[in-house]
Amino acid sequence: MNGVERESGAPRHEVLVIGAGFSGIGTAIGLRRSGIEDFLLLEAQEDVGGSWHANRYPGVAVDISAFSYSYSFEPNPSWSRAFPAGVELKAYADRCVDKYGLRGRIRFGSTVERAVYDEAAHLWRVGLTDGTEVTGRFVVCATGWLTKPKTPDIEGLHRFAGDLMHTARWDPSVQLAGRRVGILGTGASAIQLLPEVAPSVDRLHVFQRTPNWIFPKPDVPIPRAVRRMFAAAPWSQRTVRQVTDTATEVGFVLAMIHYRRFPFLVQAGEAASRLYLRSQVRGDRDLMARLTPRHRLGCKRPSFGKGYWRAFTRDNVSLVTEPVTRVTETGVTTADGEEHELDVLILATGFHVLDNLPPFPLHGFGGRDLAEFWRVERFQTYEGTSVKGFPNLWFIVGPYSFTGGSWFGMIDYQVTHILRVITEARRRGATQAVVRPEKHDRSFRRVLRRQPNTVFAHDSCRGANSYYFDRYGDAPAVRPAATYEATWRARHFDLDDYRFDPPEGGHRHATE
Numbered sequence: 007m008n009g010v011e012r013e014s015g016a017p018r019h020e021v022l023v024i025g026a027g028f029s030g031i032g033t034a035i036g037l038r039r040s041g042i043e044d045f046l047l048l049e050a051q052e053d054v055g056g057s058w059h060a061n062r063y064p065g066v067a068v069d070i071s072a073f074s075y076s077y078s079f080e081p082n083p084s085w086s087r088a089f090p091a092g093v094e095l096k097a098y099a100d101r102c103v104d105k106y107g108l109r110g111r112i113r114f115g116s117t118v119e120r121a122v123y124d125e126a127a128h129l130w131r132v133g134l135t136d137g138t139e140v141t142g143r144f145v146v147c148a149t150g151w152l153t154k155p156k157t158p159d160i161e162g163l164h165r166f167a168g169d170l171m172h173t174a175r176w177d178p179s180v181q182l183a184g185r186r187v188g189i190l191g192t193g194a195s196a197i198q199l200l201p202e203v204a205p206s207v208d209r210l211h212v213f214q215r216t217p218n219w220i221f222p223k224p225d226v227p228i229p230r231a232v233r234r235m236f237a238a239a240p241w242s243q244r245t246v247r248q249v250t251d252t253a254t255e256v257g258f259v260l261a262m263i264h265y266r267r268f269p270f271l272v273q274a275g276e277a278a279s280r281l282y283l284r285s286q287v288r289g290d291r292d293l294m295a296r297l298t299p300r301h302r303l304g305c306k307r308p309s310f311g312k313g314y315w316r317a318f319t320r321d322n323v324s325l326v327t328e329p330v331t332r333v334t335e336t337g338v339t340t341a342d343g344e345e346h347e348l349d350v351l352i353l354a355t356g357f358h359v360l361d362n363l364p365p366f367p368l369h370g371f372g373g374r375d376l377a378e379f380w381r382v383e384r385f386q387t388y389e390g391t392s393v394k395g396f397p398n399l400w401f402i403v404g405p406y407s408f409t410g411g412s413w414f415g416m417i418d419y420q421v422t423h424i425l426r427v428i429t430e431a432r433r434r435g436a437t438q439a440v441v442r443p444e445k446h447d448r449s450f451r452r453v454l455r456r457q458p459n460t461v462f463a464h465d466s467c468r469g470a471n472s473y474y475f476d477r478y479g480d481a482p483a484v485r486p487a488a489t490y491e492a493t494w495r496a497r498h499f500d501l502d503d504y505r506f507d508p509p510e511g512g513h514r515h516a517t518e
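Going by this note's numbering, the first residue of the sequence shown is number 7, and it counts up by one from there.
None of these hints come from the bench; they were simulated from the model.
Cβ atoms here follow ideal geometry from the backbone N, Cα and C, with glycine treated the same way.
Check the hints yourself; a few may be wrong.
Below, computed lysine-lysine pairings styled on DSBU-like, alpha-carbon distance capped at 30 Å [as the list claims (entries may be wrong)]: (1) Lys105 x Lys156; (2) Lys312 x Lys156; (3) Lys445 x Lys312; (4) Lys223 x Lys156; (5) Lys312 x Lys154.
Pair ranges (Cβ atoms, derived) [unchecked claim]: (6) Val180 x Phe270: 44 to 50 Å; (7) Asp177 x Tyr478: 34 to 40 Å; (8) Pro508 x Val232: 39 to 45 Å; (9) Arg497 x Glu335: 16 to 22 Å.
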C-alpha cells in the first residue's frame with residue numbers, strides 16, 4: 007500500500023484498530039466474533055503484545071492475579087504462576103492472535119501521526135509516518151497508556167558517559183554484574199527490577215522521589231494438577247476468577263471509590279503495608295521513615311513487592327532520597343552536593359500517560375483538535391470511551407475508563423460498548439455514529455459528582471506525583487466505579503444516546 011489512499015466515498019476498511027496490544031487484540035477478536043471482517047490493525051512495533059512485547063527488563067511481570075488477567079472468553083489454564091512473568095503474557099497474546107487468525111490483519115511498523123475526520127464521506131483519514139494514509143469508517147484507538155517512556159528533565163542526563171537506558175527500552179547486551187548501577191525512580195518497574203539485579207552488581211544506588219505503598223506478592227507456582235483441572239473443567243477456573251475479581255472489586259470500590267464512607271479500609275491497608283515494611287527492613291527505623299509514603303493509599307497505584315524493600319538491607323544497595331540536581335559524565339549529583347559515581351544509569355521513570363492523550367493529533371467535527379478540547383474543557387468522555395464532536399471514534403483506555411482492577415475487565419466492557427454501537431449503525435444503515443452532547447455531558451457530570459467521595463480527593467494526593475491526576479486536580483486516569491457497574495452500563499446504555507446518520511447526513515454536526 008504505497009502513496010496516499012484518497013477514496014471520495016467508501017473507506018478502505020470498515021474498522022481501523024490502532025494498536026495490537028491486548029486492547030487492540032481484544033477489539034479485533036470482538037469484531038470477528040460479531041461477524042465484522044473488514045478491519046485492519048495498525049501497530050507501531052514489529053510484533054503483537056504492546057507493553058508485554060516492549061518491556062523486557064529483568065523481573066517484568068503482571069501485578070494482577072493471573073486468574074483475572076485474561077479475556078473472559080479466552081481463559082488461559084496454562085499460567086505457571088499466580089503472577090506470571092512478561093514472557094508468559096507475550097505468549098498469551100501470540101496464542102490469541104493466532105487462534106483467531108488476526109496476524110494477517112495487522113500492519114506492523116505502522117506509526118500513526120494524525121487522524122482527521124472527513125465529514126462529507128463519514129470516514130477517518132489516518133496518516134502514517136511513512137507518508138501513507140489509511141481510511142476507515144470507524145476507528146478504535148487502542149494504544150494503551152504504557153507506550154511513551156518518560157525521560158526525566160534532568161540537567162546533563164544525555165552527557166552521561168556510561169550505559170543509559172529506560173526500563174521500557176531494555177538493552178540486554180548491557181552487563182550489570184560487578185558494575186556500579188543507578189536506578190532512577192521507585193515505581194512499579196523499579197519494584198520488580200531491583201531484587202533481580204541487586205545480588206549481582208557491585209554497587210546499586212536507588213534514587214527515590216516518592217515512596218509507594220507496597221504489599222507482599224503471593225507469587226506462588228500453580229501446581230500442574232491445578233492447571234490440568236483448569237483445562238479439563240473450565241468452570242473451575244471461571245470460579246477462581248470470580249473470587250479474585252470480586253476481592254479486587256470490593257477492595258477498590260469500598261476503599262478507594264467510597265473512601266469518605268469507609269476511610270478505615272484505607273487506614274487498615276496502610277497499617278498492613280507498614281507491617282510488611284517493618285518485616286522486610288528488619289525494623290530499621292531510618293529505612294522505615296524514608297520508605298513510608300506520606301500520601302494516602304490509593305493516591306497512586308500501589309504495588310506488590312517481592313523482595314524490593316528487603317533489598318535495601320543489602321550492603322551493596324543504598325537508598326538516595328536527596329533530590330537529583332544533575333547528571334554528569336560519571337554519575338548523578340544530588341542536592342546535598344554528593345556525586346554518586348555510576349557505570350550504568352537505568353531510568354525507571356514510567357510513561358507519559360495523561361499528557362499522551364490523545365497519542366497523536368485527532369481532528370473531529372469542524373477540524374476540532376481533541377488535545378485542545380481536553381486541555382481547555384478538561385478530560386471528559388461518554389462512558390470512558392467516546393467524545394462528543396468526534397464521530398465514529400472510540401478509545402480503549404481513554405479518560406475515566408480504567409476501573410482500577412484487571413486491565414481485561416476494562417477491555418471487555420469497552421469492547422462491548424463499541425460493538426453495540428457499530429452493530430447498531432450497520433443495522434440502521436448509518437455511516438456515522440456520534441454521542442449526543444447532552445448524554446456525553448451527563449456522563450461526565452456523574453463522574454465529577456463521585457470524585458469528592460473518593461480517596462483521590464484527599465489533600466495528601468497532591469504530593470503523590472501520581473499519573474492519575476491532571477492539571478485541574480481531577481483523576482481522569484481512573485473511573486470512579488466498579489468494573490461490574492461499568493460492564494452493566496456497557497451492556498444496557500441507551501443506543502439512542504448516539505445519533506446515527508445515514509450517508510447523506512454528512513452536513514449534520516453533533517451540536518444539532
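Report task. If any of the earlier hints don't hold here, list their numbers in rising order. Result -> Hints 1, 3, 8 and 9 contradicted; others consistent.
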